[in-house]
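So the protein lines, in turn, are chains A and B. Sequential numbering from 3 applies to the first sequence in our numbering. Sequential numbering from 745 applies to the second sequence in our numbering.
Treat the hints as calculated values from the structure; they're not laboratory data. Each hint should be verified, as a subset may be incorrect.
[What the hints assert, rightly or not] Listed next, the in silico DSS-like pairs over lysine-lysine satisfying Cα-Cα at most 27 angstroms (straight line): (1) B:K953 with B:K773; (2) A:K25 with B:K1083; (3) A:K5 with B:K774; (4) A:K46 with B:K915; (5) B:K860 with A:K25; (6) B:K860 with A:K49; (7) A:K25 with B:K953; (8) B:K774 with A:K4; (9) A:K4 with B:K860; (10) A:K5 with B:K785; (11) A:K83 with B:K785; (12) A:K46 with B:K860; (13) A:K25 with B:K774; (14) B:K953 with A:K46; (15) A:K5 with B:K1083; (16) B:K1037 with A:K4; (17) B:K785 with A:K4; (18) B:K785 with B:K953; (19) A:K25 with B:K940; (20) B:K1040 with B:K774.
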Amino acid sequence: MKKILVVCGNGLGSSFMVEMNVKNVLAQLGVEADVSHTDLTTAKTEKADLYLGSSELISTLDDGTRTIIGLTNLFDQEELKRHLEAHLC
Amino acid sequence: MFDFIMNDVLGTPAILVGLFALIGLLLQKKGIADVISGTLKTIMGFVILGGGATILIGSLDIFGNMFEKAFNIEGVIPNNEAIVAIAQQTFGQETAMIMLFGMVMNIVIARFTKFKYIFLTGHHTLFMACLISAVFATGGVTGVPLVIIGSVLLGLLMVFSPALLQPYVRKITGNDSIAVGHFGSLGYFTAGFIGKYIGDPSKSTETIKVPKSLGFLRDTSVAMSLTMAILFLVVAPIAGKDYVEAELSGGVNFLVFSLMQAITFAAGVYIILAGVRMLIAEIVPAFKGIADKVVKDAKPALDCPAVFPFAPNAVIIGFLFSFIAGLLSMFLLPIFGLKVIVPGLIPHFFTGAAAGVFGNATGGRRGAMVGAFANGILISFLPAFLLPVLGSLGFEGTTFGDSDFGIVGILLGFFIRLFS
């Protein structure tokens, strides 16, 4: 099972809301995955198949070893769905 | 048996919250593995939270000592955890009962009125229950009447506070799916209200370009370490090298010691956040379990950092302006013959930042600055006025921090005097 990690500055508010959105979208797509959320510092040491977050924040994780999705509008479900479809289906 | 349930089981907040998660998971008909891990992780989150608080308070105490030495001010440091810990020795049972039945009242009110808010900030529920017990007991109301009146009052506050803020929360989040449940609501409401008259929401704090090189500050643990390092390194030399090395650091160089304390503080915050993350991750779905069964269209009322991601620049501006107001108040309070309230970083950070976000939603940059400043004044003056209401109980030295505890305590004290 793939692991998706949603990242934000604090790892509490927005990443948790996006995590719930991701679970929603995955259910619609019929894909199973392990989804969780965390802060930037922890994300640097936690392994995942896919890292999700707002584009300017998530770019600091981009060192060439990770698969990264940067969202322009964090709470846009349509944008999220497009990205997840492209990566998982 | 009664004593065991009230004191040891329900009197331990971690277990109380764990029970809440357990019931929620059972109502959702989750599998046995999910129920066990969810309940355990919720309790563990609470324990981690406490561990982080211990680390943080250690560093904060040292900062307090340096501050008192540096500016020769002996003041009252508002600290919810400290005042509740003291009050628990006298009112532990009443507090636990009021908390439990207050939560039940919250669900009942949400079920039967149009105010569908479920107040999820558990530690604030506990603090408010404790404040109510203390103020009523001072006024001579005890036993069963105290628990009944207290629970109804707590339940009402748990719904009223999010309802008061919701028009502004809709503006901040752009939708109506979450609410803010935090007893700093008077400050946030004031910020949102003032912002409307003095600023322009289109000039948002979020259009300020934060240079890309400053992007690393969005990493909370980095920003927190830097802020604390600056504060410590300013105060320590004023307190004096000799004082710090003789009294606090045990001989370690005062600058090295200050830097380490600053980073220790940030580490404490990091641990607290990890605990909160664990706690919320299980409580929110568990809450949904209860709410979906009992209350149709319930809205979760979340801790104030829930609005931070919607305006990260307003968070920093809000913290700074609230803290400035706290520093100014420190000099104003003695002029009015009131006790000096030393501005605490934690209440100013959390409630100041949230006030900044609320002010920004209605009044842009100017709203964020003035709104947060107003919040800073409130959380300095209200605790000073609250002291006499609690003072007769020997509570002096520390008091409740956030604005709602102040206003509720003062009003309750006033009405109790009126009727007794």
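Here is what the structure says about each hint:
As the CA atoms of K953 (chain B) and K773 (chain B) are separated by approximately 48 angstroms, the hinted pair breaks the 27 angstroms bound. Restraint check: the Cα-Cα separation between K25 (chain A) and K1083 (chain B) comes to about 51 angstroms, which exceeds 27 angstroms; the hinted pair is violated. Restraint check for K5 (chain A) and K774 (chain B): the C-alpha separation of about 21 angstroms stays at or below 27 angstroms, so the hint holds. Using a Cα cut-off of 27 angstroms, the hinted pair K46 (chain A) and K915 (chain B) is violated, with the two alpha carbons roughly 33 angstroms apart.
As the CA atoms of K860 (chain B) and K25 (chain A) are separated by approximately 24 angstroms, the hinted pair is consistent with the 27 angstroms bound. Restraint check: the Cα-Cα separation between K860 (chain B) and K49 (chain A) comes to about 39 angstroms, which exceeds 27 angstroms; the hinted pair is violated. Our distance criterion of 27 angstroms between C-alpha atoms is broken by K25 (chain A) and K953 (chain B), whose separation comes to about 33 angstroms. Between the alpha carbons of K774 (chain B) and K4 (chain A) the distance comes to roughly 22 angstroms, so the proposed pair stays at or under 27 angstroms and holds.
Proximity of K4 (chain A) to K860 (chain B) is assessed by CA-CA distance (about 37 angstroms); at most 27 angstroms being required, the pair is judged violated. Under the criterion of a C-alpha separation no larger than 27 angstroms, the hint pairing K5 (chain A) with K785 (chain B) is consistent with the structure, at around 20 angstroms. For the hint pairing K83 (chain A) with K785 (chain B), the CA-to-CA distance comes to about 30 angstroms; that exceeds 27 angstroms, so the pair is violated. Pair hint K46 (chain A) plus K860 (chain B) does not hold up; C-alpha atoms about 39 angstroms apart against a cutoff of 27 angstroms.
In summary, the hint linking K25 (chain A) to K774 (chain B) is supported, as the alpha carbons are separated by about 17 angstroms, within the 27 angstroms threshold. Note on K953 (chain B) and K46 (chain A): the hinted pairing holds, with a Cα-Cα distance of about 26 angstroms set against a maximum of 27 angstroms. The suggested pairing of K5 (chain A) with K1083 (chain B) is violated, with an alpha-carbon distance near 54 angstroms, which exceeds 27 angstroms. For the hint linking K1037 (chain B) to K4 (chain A), the alpha-carbon distance of about 32 angstroms lies beyond 27 angstroms, and the restraint is violated.
For the proposed pair K785 (chain B) and K4 (chain A), the alpha carbon gap of about 23 angstroms is at most 27 angstroms, so the pair holds. Straight-line distance between C-alpha atoms of K785 (chain B) and K953 (chain B) comes to about 40 angstroms, which puts the hinted pair past the 27 angstroms bound. Taking the CA atoms of K25 (chain A) and K940 (chain B), the gap is about 37 angstroms. The hint is violated against a cut of 27 angstroms. Simply put, K1040 (chain B) and K774 (chain B) have alpha-carbon atoms about 20 angstroms apart, close enough for the 27 angstroms limit, and the pair holds.
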